[in-house]
Each structure stands twice: as structure tokens, then as C-alpha cells.
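*Asks:* These are the residues of each chain, in order.
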Amino acid sequence: MTKDPHDIIIRPWITEKSMAMKEQRKYVFVVHPKANKTEIKNAVETIFGVKVEKVNTMNVKGKRKRVGLHEGKRPDWKKAIVTLKKDSKPIEFFESL
Amino acid sequence: MKVNVEKIENNVATLKIEVDAGEFEKALDQSYRKNVKRFNIPGFRRGKAPRSLIERYYGPEVFYEDAAEIVLSEAYKKGVEENNLEPVDYPRFDIDQIGKGTGIVATAQVTVKPEVELGEYKGLEVEKMVYNVTEEDVEKELKALQEQNARLVSVERPAQTGDVVVIDLEGFVNGEPLKDAKVQNYPVELGSKILVEDLENSITGMKAGETKEVKVTYPAEHPNKDLAGKEVLFKVSLKEVKEKELPPIDDEFAKDVSEFETLEELKQDIKNRLEERAKSFSESSLRGSILKKLVEQAKVDIPKVMVDREIERLIMDFAFQLRLRGLDLKQYLEASQLSMEEFKGKFQERAYNNVKTSLVLEAVAKAENIEVSEEELDEELAKYAESAQKSLAEYKKSLKEEDLEHIKDHILTRKIFDFLKSHAKINEKIVERIVDNESESEEESKLEEQA
Chain V
24 MTKDPHDIII RPWITEKSMA MKEQRKYVFV VHPKANKTEI KNAVETIFGV KVEKVNTMNV
84 KGKRKRVGLH EGKRPDWKKA IVTLKKDSKP IEFFESL
Chain R
1495 MKVNVEKIEN NVATLKIEVD AGEFEKALDQ SYRKNVKRFN IPGFRRGKAP RSLIERYYGP
1555 EVFYEDAAEI VLSEAYKKGV EENNLEPVDY PRFDIDQIGK GTGIVATAQV TVKPEVELGE
1615 YKGLEVEKMV YNVTEEDVEK ELKALQEQNA RLVSVERPAQ TGDVVVIDLE GFVNGEPLKD
1675 AKVQNYPVEL GSKILVEDLE NSITGMKAGE TKEVKVTYPA EHPNKDLAGK EVLFKVSLKE
1735 VKEKELPPID DEFAKDVSEF ETLEELKQDI KNRLEERAKS FSESSLRGSI LKKLVEQAKV
1795 DIPKVMVDRE IERLIMDFAF QLRLRGLDLK QYLEASQLSM EEFKGKFQER AYNNVKTSLV
1855 LEAVAKAENI EVSEEELDEE LAKYAESAQK SLAEYKKSLK EEDLEHIKDH ILTRKIFDFL
1915 KSHAKINEKI VERIVDNESE SEEESKLEEQ A
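As you go down the protein sequences, you meet chains V and R in turn.
Here our numbering = 1-based position in the first sequence + 23.
Here our numbering = 1-based position in the second sequence + 1494.
It cannot be assumed that every hint is accurate.
As the list claims (entries may be wrong) - Mimicking BS3-like on lysine-lysine, the simulated pairs with C-alpha atoms at most 25 Å apart in a straight line are:
id : chain 1 : residue 1 : chain 2 : residue 2
1  : R       : Lys1724   : R       : Lys1676
2  : V       : Lys40     : V       : Lys74
3  : V       : Lys45     : R       : Lys1531
4  : R       : Lys1542   : V       : Lys45
5  : R       : Lys1738   : R       : Lys1709
6  : R       : Lys1733   : R       : Lys1676
7  : R       : Lys1793   : R       : Lys1909
8  : R       : Lys1765   : V       : Lys102
9  : V       : Lys49     : R       : Lys1528
10 : R       : Lys1761   : R       : Lys1634
11 : V       : Lys40     : R       : Lys1528
12 : V       : Lys112    : V       : Lys102
13 : V       : Lys109    : V       : Lys74
14 : V       : Lys49     : V       : Lys108
15 : V       : Lys101    : V       : Lys26
16 : V       : Lys64     : V       : Lys45
17 : V       : Lys102    : V       : Lys26
18 : R       : Lys1531   : V       : Lys40
19 : V       : Lys109    : V       : Lys45
20 : R       : Lys1729   : V       : Lys40
21 : V       : Lys49     : V       : Lys88
As the list claims (entries may be wrong) - Some chain R residues well away from chain V (every beta-carbon gap over 10 Å; in silico):
id : residue
22 : Arg1539
23 : Lys1542
24 : Glu1580
25 : Gln1640
26 : Ala1644
27 : Gly1699
28 : Lys1709
29 : Val1726
These are computed hints drawn from the structure, not numbers from a lab.
The structure displayed is predicted, hence computed values, not measured ones.
Glycine residues also receive a C-beta, built at the ideal position from the N, C-alpha and C atoms.
Isolated chain R (complex conformation) (with noise of 0.2 Å):
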């Protein structure tokens, strides 16, 4: 058996398989083997027939699709290892010359893992986004407290903006009533734009126990269209208005809400928090830019099986996040009015980068020698083991061996990043406001709010 690599272009390898009389014929014989059962001949039972009897009767053809599938995966397999070739697809055989007494001649060609260009990797220019917490973001958090501590106080006066009022209210159209216009006992905040902006201005200054009639006409561009451009009457009856008593925020109020002492120590707590989360919003910014950069400035000619293998995963990942919430991705697509090609087509540019991505960081590693050990994995895996409250070993026997991979991809990225990070010629670059900048979740979202 014999296989050589005859060229590699556009990657695409080719491989020539030569394969002898004498490996073709124990093929055969496999491939009669498998076989017997199918054939039967008049006077013997079913895969009792010899092999060349079968042979006369069909022709010694029918055994060398099996064959040739036997040796050839054999031959591609041994010359895919000999030459370390990457594939990322499977083989295209082409059988060039066939025969019981001459073996096989046939050439395989299959899609490689493409070469990537990485350009200079080393000493990018990259923005990090540094948020300063102030002293004001703490007040507002706190206030966001103050806000969720409320006491809701009943009160004899009119009611006005900020206060909860509890009323009855029912909806008519050209004096029919309106269906699903009609609630008792509701309790709304005034100003929080729940109501039509002109029936929540002629609540304010209701007093408790009192009823009104208000004409409001719906703006044309309202999304309930049963209702835009339309007047409605609405008769509301104020039950009760409530004033929001806010808690006064001291050392007491500390104390009520979390498990400080003082108002000072929570406050530095709440300081804390923002800064931690500040901090892993540059951390990731920083590693956006990267990644940006370093794919932007990489060359790579991705083969189109890998971006159509990562669309259909993508699909699937996505058939599985309907099915959770009970939705199939039939459905989905009827609903949407997207014909499969179509919604293929929104992942194109997704996969693409993923792929994208994947590859250069994986030529990052290769071209830095970048690895994970198995004394590195374990210390990660000690971690999550702690975490479970299971030991080391117990934990790793729980794991499978996929999830084992998978933890090792985690820290080797991890590693990338930061020996990109540490060769890295990094910008700060202080924003006003915390943005999440994953335009990946964004386009998620979006296509599950069509969902």
C-alpha cells in the first residue's frame, strides 16, 4: 500500500493510493464476508455461496465497492498520518484504475486546514477601555437601593407624579367596551409610562375615592394598531394613592439591606462591585480589540466546508435554544418567513469570523509553542473541583473526556491572550459609560426577539 502526497493548492490535498493485487484481494475477502448474506444463489442457503460462485454469478464487480471503501480509508487514513495533514472534510476518492489481479490506483482529495498568515502578531496597537467608578455611580446604586426598600404609605391627597395609585379603569371605543381595556384594583406608579401618557397626566391630582372620564386619542404610530389613531374613552375610579416612603440612608439602612455594620462599609462594597465589574468590561474590551486586530490583519483562505460545517452548528445551537423554549426550527422559519438558504445566509458572516478566529489564534499557539500542560490543566481543574466540593480526582473522574478538551481549549486561550496581551502595545482609552460592545449577542438577540 502505498500513498504519497501529490500537491497541496488552494487547500486542497491530493493523495496518490496505489494498493496491490495481494492487500486488494484480503479486501475482497472482507468485502465477501460482508457481503454473503446478500447474494443468493439456488442450492445453497443464504451466505452459505462461495465466493466465486458469487462471483460467476454477479460478476467479481459486486465486491469492490465494499473493497475499495476498505482499503482506500485505510490507505487515506495511514497517508493522512503519515503527512500530518489536517483535513477538515471528508475525502473525495476518485478511482483511476480497478482490478482482481491489479490492485487499485486512486487518487484522494480532501479539504486541509488552511495556512495562516498571522503578519505581525507581536506589538499590536489595541484600545483597552478603562471606566473610572466615581463616587456618583455609587450614590446611584445606592438610590437604586433606597429605591427597592421603598415603603408604599397610603395618603390623603392628590395624587401626583411618583406616587402608586391603585384604581379600576375601563376602556370604551365609539361607546363599546373594549376588551381587554378593563382592570380592577391595579396598581400603578405614576410617571413610570406604564398608561397612556395623557391618561396617567389626568390621574395626577385625582384624589382618592374620586371617578373621571378621559378621552385619550392613541398617537397613529402606536403598536397596538386596534387602538392607533383611535380616541378611547376611559372611566377611571382612583381606589387609594399611595406615597413611596423612601428609607433615609444611614448606618440603619446598611444595616437592613446587607450584611454590613455601617453605611460606610457598604458603600465600599458597592464600590467594589462596580470597580470588579469595571474592570472585567476592560479586561474583555481588551481582549476584543485583539481579536480584532489580530484577525483583521491575519490572511487565511478559509475553505468553504469549514464555514458551512460552523453554520450548521451555529443552526443547530440555535434549533436547540427553540427547543427549549419550545419552539422547533420549522416553525421558526414559517413564522419568519425565511426560507432555510435564507436564514443560512444571516450566519454567513458569523461563521466566517468564527472560523476565522479560531484558526489564527490556533496559528498564535503553534507559532509560539503555546501549550497546556497537564500540571496546568489539573490547577484548573482544582479550582472547579473546589467549587463542586469533590476532590481533584474524583472530579476529573466525572468528567468526560470532550470536557476534559474543552477545559484545555479554555485555559490555552486564555494563554494566548496573554502572551498577546503581554506583547501588546496597549491604549487606555477612558469611556464615559460601560457599553457592551458583543455585537455577537446582539445579533443573538435579535434574531430570538423575531423568535
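Chain V with its partners taken away, still in its complex shape (with noise of 0.2 Å):
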């Protein structure tokens, strides 16, 4: 069964830094875990229409946060920046923010 690309996709990471990263063609977005490079790829040209040159992934820690007593955690997460090709158009929904 193939995956929903909206399931690999889950948002956009929109922080300062990663505003900032538009004009190098890359944008950030918060994938699914157990997503792939290439799933990645996938889902961001069917959704966005776009052409994609690479993707870099990294897992994220979820951090362990302490309420008196009890500790508890963050959940870990997948963070991918996608990067353009140089003829591609840019993620329209990116432009917008």
C-alpha cells in the first residue's frame, strides 16, 4: 500500500531560522518518523508540484522535561530540509507566510 503523502508530510516547520533558509531554496518541514529520503521527496513533489533536488533528514530528541517529581518527555520527530531544484518553482504556501 502506498503511503498518503499528507501522512509522510505533517507540517511545515516555521520558525526564524527556517524563514530564513527560503532564500537558499530549502524548506523545513516536520515529516513522519519512519518516512524515507525518497518517500520525502515523493510526497513534497506530488503535493506542492514542485521538483525536488534533495532531502536531508535528521531525527530530533524530544526533550525530557521534569514537573517536580515526575519526569516526562517530548515526543522525538523527524525533521527534513527540502531542498529545490534551481528551476523549480518555490512552495507557494511558504510564499504566503
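Put the complex together from the two separate chains, hints included.
*Replies:* Here's what the structure looks like:
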């Protein structure tokens, strides 16, 4: 069963840094932790209709947080930095931000 | 940006303001830059979030208020300038329509200076009070000088009215010594009414060294409530009787009390001074009369804000006067048992008159094109500079912009009066006595007395 691209790309990661990276045609997303680079590439291409040059991924470990005696942990997640090809159009969704 | 005056009614001008989307967008941008620091968006440091994101998070309306203020005040300023309005209050804006893509349509309402209907201000029939200085006045003045220069000489005879006596005094009520009623070596002039009349009368006729007990019944309406209607026993001992020795009025006297050599010269000087006073008195009576007539017949519909502002100003003035004497307004109000509202009411009429007067004078200046030129201002300043012993340029430098305005105002008022005077029918009225007819100062002193 092929995965739905919307299950792979969870949401955009919008921060000061990620906004600045638009200049380099790089877009940052929170993606499914089990997704691989190829899946991410395909998903971005189908959802936004752009050409992806490469995908860098990293696993972000959730921080340990304590409230008094009780220790908890924020969930781990996977971050993907998608670089578009030079001749690709930008991702519209980000432009409107 | 379009501003049109829709109408002026009851001294309220209504301005229609239209701002197109582009200009509004610019204002929104300014508003964004002013307010970014207030918005906190995760992933961004404060003040670093882009405008589009803030609008998404909080809605585009967050910037409207400031943006509207920016464009509207700008448009309003433009409207006031272009249409030569003279606002006397802050404007009130009503926004009819506002939107990112559509711009703003709004109306501004502001109270403007009212039109003054002067009436017939030329040929006013006015009264000028004239006082002719007489020889008697001069004599009176001389007598006063004589009194001032009297010497006291101890005499060995019973005291009589006009003498100064030195006494020890002690008062008792029902055998109890009276508080604050024990004095020693106290000089009193008999006939000056400093002491209770009965007491004074009984001292008259006493000789130095004598002691006497006097019963005095205070009148029921005596201002001191502790004493009113009571019988007080005074023990008086007379220490000394002094007679006033008046110097003879002659050239010698003139030399002593003034820089003049002869009595004639002194008299002339006194006469000149009295005449000077009489002149300025009739001048100010004339001014008062002109002003009264002028203001009376002028019709002007004064907006409430102007009067309210004037009241505020008067009260500030009053509070300042109080502070000079170490009181503050709150204490004063408590002491006189007035609420702020009542207190304001007291100033109502005066404020109204002040505003009307200044509006009327302004209208006269406008109608007759009375202006103060730079030369006239310099001339006036030169006078001040001279008395301050500075050069004109130096003096001018030491003045602030508002001081200059003030002086200019002063000259303008004078010129207006000169104009009115030269066009008025002046009836001279001989008066017996110089009276101050400035009711303003009366009112003020009344209030101050209470304080």
C-alpha cells in the first residue's frame, strides 16, 4: 500500500531560521518518523508540484521535562530539509507566510 | 487620501476622509513595525516575526487601530490646513469602513472656533471716568507723609486720643486668666481701634504709672466666638504716654522726606503722581467700558469645550497660586467644603467671559486687519531690553518662542484698543473718587480670602 503523501509530510516547521532558509530554496518540514528521503521527496513533489533536488533528514530527540518529581519526555520527531532544484518554482504555501 | 469638509454646523466641522488601500497598506506596515515587539509567536524571537504570520495568528485587525490612527490623523491635519479650520478641541473619528484591501472611509468631527457677530463696533458709546486731582488730595498725601515721619515723645500728662501708650494688659473671664490676653510693654495708638472700644476709652485719661481694672462686655456679634457677649475683666497698667510730634510742613520737611529741595517741588511731584494715577485709572475705565460694550453686543455661540478648557486653565492658575502659599487644591477644597464640580461652577461665568472677550477681540483684529509687524515687535522688545540693560539682539535671544508670542499678543491687544478708542464716542464722566472696577480681582480675592 502506498502511503498518502499527507501522512508523510506532517506540517511545515515555521521558525525564524526556517524562514531565512527559504533564500537557499530550502524548506523545512516535520515528517513521519519512519519516512525515508525518497518518500519525502515524492510527497513534496506531489503535494506542492515542485522539483526536489535533495532531502536532508534528522531525528530530533524530544526534550526531557520534569514537573516536580515526575519526569516526562516530549515526543521524538523527524525533521526534513527539502532543497528544491534551481529551475523549480517555490512552494506557494510558504510564500504566503 | 481625500479630505472634504462636509458641513460646518453649530461650530462643529464634519470632515469626510477617504484613504485608499495603498496608503492604508503603508500605514499598516508602520503599525506592524510599531507593534511587532508585542506579539509572541513560537519559533520566533519577539519582534522578529513576519507581518503575514502575525496577521494569520491574531487576525489582520490587530494592526488596524494604530494604522487608522496614523492615516486619519495625517488626513485630518491635511484637511484642517487645506480648509483653514481653526479647531479648538481634539477631533472625534468615526470609521465607517475599514479593510485591508479597501482602505478607510471615515468621518471626523471637530469643534472649531465660532464665528463672531461683532455688531456695530465702530462708534461705541463708552464712558470714561475722569478724576480731577485737587489741592485737597495733595494736602492729604502730605499729611500722610507727615504722619509717617512723626516722632514719638514721652509726655507727663493724661493720655488722650492720638497718643501712643505703652501698656501691660491681662484679661480675666470669671476670675480665670484669659488665654492669649496677656501682653507686656505693648504699644497702642489710642483711637486706632486695635483694642476694644470700652478699653480704649478707659485708658484715655490715665497717667503713666497708673493701674486700673476695667470691665468690658464684648458685643454679641464679636468675631471671636469665645469672647462674644462675655464680660471680661482687664487689668491695665499704663507705663508710658507718648505724644506724636508731627514735623512742620515746610521746605525742611520736603528735604527730609524726598529728594526735593523745596516744599513747592514736593507738592508738584505729589500732584504729578496723583495725576498719573488718575490718568491710568481713567484709561483702564475706558478700556473696561469699551470691552463691556463690545462684548455685550457681540453675538457668539461659544462651544462648551472652549469654556471647559478655560475653566481648567483658571483652576490650574488658582492651584498654582495656592501652591505658592504651600497649599494644594485638594486641601483647599476640603477646607472650603466644595466639591470639584461646585468649584468649577464658580469659574464658569468668568471663563465664559474670558473666552468671549478673546474671541471678540480677535474678530475685531481680523475685521480691521490689525496685525503686529516685526518692526513693532522689535520696538516693544527694545523697550524691555533697555530696562533689562541688554542689547536688543541679546534680549531677543533670551526669550522663548512663546514669550515672543505673548508680547506680540500684548501689542496686538493694545492696537485693537487704540483702534476702538479712536472710533468710539467717549463720554467723560467726572467721578469723586478713584474706584477699582475690576470685578475680576475682587472675585479672586474673595476666593483667596476663604483659603
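*Asks:* The structure should be examined with respect to each hint, and the outcome stated for every one.
*Replies:* Hints and how they fare:
With a CA separation close to 17 Å, the supplied pair lysine 1724/R and lysine 1676/R stays within the 25 Å bound. As the CA atoms of lysine 40/V and lysine 74/V are separated by approximately 22 Å, the hinted pair is consistent with the 25 Å bound. At roughly 23 Å between alpha-carbon atoms, lysine 45/V and lysine 1531/R fall within 25 Å of each other, so this suggested pair holds. A threshold of 25 Å between alpha carbons decides the hint, and for lysine 1542/R with lysine 45/V the separation of about 16 Å falls inside it, so the pair holds.
The straight-line distance between the Cα atoms of lysine 1738/R and lysine 1709/R is roughly 28 Å, outside the 25 Å bound, and the hint therefore fails. Restraint check: the Cα-Cα separation between lysine 1733/R and lysine 1676/R comes to about 15 Å, which is no more than 25 Å; the hinted pair holds. Among the hinted pairs, lysine 1793/R with lysine 1909/R is consistent with the structure: their alpha-carbon atoms are about 22 Å apart, no more than 25 Å. Between lysine 1765/R and lysine 102/V the alpha-carbon distance is near 105 Å, which puts this suggested pair outside the 25 Å criterion.
A C-alpha spacing of about 30 Å is found between lysine 49/V and lysine 1528/R, which places the hinted pair above 25 Å, so the restraint is violated. Among the hinted pairs, lysine 1761/R with lysine 1634/R is consistent with the structure: their alpha-carbon atoms are about 11 Å apart, no more than 25 Å. For the proposed pair lysine 40/V and lysine 1528/R, the alpha carbon gap of about 23 Å is at most 25 Å, so the pair holds. At most 25 Å may separate the alpha-carbon atoms for a hinted pair to count; lysine 112/V and lysine 102/V meet this at roughly 22 Å.
Restraint check for lysine 109/V and lysine 74/V: satisfied, since their Cα atoms lie roughly 9 Å apart, inside the 25 Å limit. Distance restraint check for lysine 49/V and lysine 108/V: the Cα-Cα separation of roughly 10 Å lies within the 25 Å cut-off, and the hinted pair is therefore satisfied. Proposed proximity of lysine 101/V and lysine 26/V is supported: the alpha carbons are some 17 Å apart, at most 25 Å. The suggested pairing of lysine 64/V with lysine 45/V holds, with an alpha-carbon distance near 17 Å, which does not exceed 25 Å.
The suggested pairing of lysine 102/V with lysine 26/V holds, with an alpha-carbon distance near 18 Å, which does not exceed 25 Å. Note on lysine 1531/R and lysine 40/V: the hinted pairing holds, with a Cα-Cα distance of about 18 Å set against a maximum of 25 Å. As the CA atoms of lysine 109/V and lysine 45/V are separated by approximately 13 Å, the hinted pair is consistent with the 25 Å bound. For the given pair, lysine 1729/R sits about 100 Å from lysine 40/V by alpha-carbon distance, which is inconsistent with the 25 Å threshold.
For a cut-off of 25 Å, the pair hint linking lysine 49/V to lysine 88/V is broken: about 31 Å separates their Cα positions. Listed as a non-interface residue, arginine 1539/R fails to keep its Cβ farther than 10 Å from every Cβ of chain V; the least gap is roughly 6 Å. Lysine 1542/R, annotated as away from the interface, has a beta carbon of chain V within 10 Å; the closest lies near 5 Å. Separation of glutamate 1580/R from chain V is adequate, the least Cβ-Cβ distance of about 48 Å exceeding the 10 Å criterion.
Every C-beta of chain V lies more than 10 Å from that of glutamine 1640/R, the closest at about 94 Å, which supports listing it as non-interface. At the 10 Å boundary, the C-beta of alanine 1644/R stays outside the reach of chain V, the nearest C-beta of that chain being 94 Å off. Residue-level check passed: glycine 1699/R sits 101 Å from the nearest beta carbon of chain V, beyond 10 Å. At the 10 Å boundary, the C-beta of lysine 1709/R stays outside the reach of chain V, the nearest C-beta of that chain being 91 Å off.
Separation of valine 1726/R from chain V is adequate, the least Cβ-Cβ distance of about 84 Å exceeding the 10 Å criterion.
The earlier numbered hints that this structure contradicts are 5, 8, 9, 20, 21, 22 and 23.
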